[in-house]
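Enquirer: Under UniProt numbering, think of the first position of the sequence shown as 1, with each following residue one higher.
Do not rely on the hints blindly, as some may be mistaken.
[To be verified] In silico DMTMM-like pairs for lysine to aspartate or glutamate, Cα to Cα no more than 20 Å straight-line: (1) K91 x E116; (2) K94 x E288; (3) K223 x E76; (4) K223 x E289; (5) K98 x E77; (6) K98 x E116; (7) K223 x E75; (8) K91 x E226; (9) K223 x E293; (10) K98 x E87; (11) K94 x E75; (12) K98 x E76; (13) K91 x E75; (14) K91 x E77; (15) K223 x E288; (16) K223 x D282.
[What the hints assert, rightly or not] Distance ranges between label pairs, derived from CB positions: (17) P79 x W58: 17 to 23 Å; (18) S74 x S40: 47 to 53 Å; (19) Q39 x S74: 32 to 38 Å; (20) S40 x R248: 37 to 43 Å; (21) V50 x A285: 17 to 23 Å; (22) S40 x E289: 27 to 33 Å.
Because the hints were derived from the structure by calculation, they are not lab data.
Please read all numbers here as calculations on a predicted model, not as lab measurements.
Even for Gly, the Cβ is constructed at its ideal location relative to N, Cα and C.
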Amino acid sequence: MGNQKFHVHGHANGLKTIILFGLMWAVILLIWYLTGARQSTLVYYLVVAVIMTFGSYWFSDRLATASMGARQVSEEEAPNLYAIVRELSTKAGKPMPKIYIAPTMSPNAFATGRNERHAAVCCTQGILQMLNYREIRGVLGHELMHVYNHDILTSSIASAMSMVITYLGYSLMYFGGGRDDDRRGANPLGALLAMILAPIGASLIQMAISRTREYDADEDGSKLTEDPEALANALTKIEAGVAAAPMRPSNATRTMSAVMIANPFSAKSVSQLFSTHPPTADRIARLEEMQAEMYGSGGANMAGAAGATGVAGVMNLAENEAANVDGPGAGPQMPNQASGQPSGQMPNSGPFA
Numbered sequence: 001m002g003n004q005k006f007h008v009h010g011h012a013n014g015l016k017t018i019i020l021f022g023l024m025w026a027v028i029l030l031i032w033y034l035t036g037a038r039q040s041t042l043v044y045y046l047v048v049a050v051i052m053t054f055g056s057y058w059f060s061d062r063l064a065t066a067s068m069g070a071r072q073v074s075e076e077e078a079p080n081l082y083a084i085v086r087e088l089s090t091k092a093g094k095p096m097p098k099i100y101i102a103p104t105m106s107p108n109a110f111a112t113g114r115n116e117r118h119a120a121v122c123c124t125q126g127i128l129q130m131l132n133y134r135e136i137r138g139v140l141g142h143e144l145m146h147v148y149n150h151d152i153l154t155s156s157i158a159s160a161m162s163m164v165i166t167y168l169g170y171s172l173m174y175f176g177g178g179r180d181d182d183r184r185g186a187n188p189l190g191a192l193l194a195m196i197l198a199p200i201g202a203s204l205i206q207m208a209i210s211r212t213r214e215y216d217a218d219e220d221g222s223k224l225t226e227d228p229e230a231l232a233n234a235l236t237k238i239e240a241g242v243a244a245a246p247m248r249p250s251n252a253t254r255t256m257s258a259v260m261i262a263n264p265f266s267a268k269s270v271s272q273l274f275s276t277h278p279p280t281a282d283r284i285a286r287l288e289e290m291q292a293e294m295y296g297s298g299g300a301n302m303a304g305a306a307g308a309t310g311v312a313g314v315m316n317l318a319e320n321e322a323a324n325v326d327g328p329g330a331g332p333q334m335p336n337q338a339s340g341q342p343s344g345q346m347p348n349s350g351p352f353a
């Protein structure tokens, strides 16, 4: 399958992203207008945002993996991960990314990097021990498409614009922002409302952009793996796994949550209220519909076969990738929520971990 098969974004989602970015610019200009701030104040924050965006985007792979304490692994340490990533990147006609494993039992995964040649994919120990080979393949297909769709740049720009709105509002609230007395349009009440509500609105727009990119990665990743059901099964298990072992909210995990395949925080956490991910049930419903369109009534078996034969039909998956990194005792297998058996003990697919 060549590059031409991947139309990285659907027209509707691409247009939605453009509209959302336009709304963020409108919010920035509205704050500036209502507060009567000097143009230099606006320019200052825009320049700072551009510099920070460039830095976070250019060094995104290093920053993301370091914040998670992840370690790059070799093919000898993680042969199954390498087999999957090599198969999918070759299928997409893209370079092989670096592979990392993060030392946390909360199940999750993410991809990062400024382009295909500087990309990295990372799985947590928890996800490797919870999912089987086919499901890990579905997850990695999703993550690779974030890189191929240039979502790292999109999220960096959205984050920077949100930062401009937030700090511009705070600056004007506490320091006045250097009012421009020669420019009309300053409205004290409107300025106060803008300074309070604009950062909230910016965050909501940023989350909407992120959710749009997640839907795209689900769809494009499933086209790459030719197995939407695998990703749907993975999302079901990941949601249950996060409920049992959520990540602890911190500056690092809050920053990283937007690029992970699923929200890493407990449903009871305040962080969940500002989720950058669509509802898991909606994602699964879309994937199931996609599965039916691709394979009809025989979807499960046909898709499973497609996933199995992707790595030369080899399904001998007894090696534990996480154990290869940290040695024996890396952590217990998390139970399959449906059967009570260790995850990965599914028909027609050997366990990954």
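Enquirer: Could you run down the list of hints and mark each one as holding or not?
Expert: A quick look at each hint next to the structure:
| no. | hint | result |
| --- | --- | --- |
| 1 | K91 x E116 | holds, 14 Å |
| 2 | K94 x E288 | violated, 27 Å |
| 3 | K223 x E76 | violated, 29 Å |
| 4 | K223 x E289 | holds, 13 Å |
| 5 | K98 x E77 | holds, 13 Å |
| 6 | K98 x E116 | holds, 10 Å |
| 7 | K223 x E75 | violated, 26 Å |
| 8 | K91 x E226 | holds, 11 Å |
| 9 | K223 x E293 | holds, 12 Å |
| 10 | K98 x E87 | holds, 14 Å |
| 11 | K94 x E75 | holds, 18 Å |
| 12 | K98 x E76 | holds, 14 Å |
| 13 | K91 x E75 | holds, 19 Å |
| 14 | K91 x E77 | violated, 23 Å |
| 15 | K223 x E288 | holds, 13 Å |
| 16 | K223 x D282 | holds, 18 Å |
| 17 | P79 x W58: 17 to 23 Å | violated, 31 Å |
| 18 | S74 x S40: 47 to 53 Å | holds, 52 Å |
| 19 | Q39 x S74: 32 to 38 Å | violated, 53 Å |
| 20 | S40 x R248: 37 to 43 Å | holds, 41 Å |
| 21 | V50 x A285: 17 to 23 Å | violated, 39 Å |
| 22 | S40 x E289: 27 to 33 Å | violated, 52 Å |
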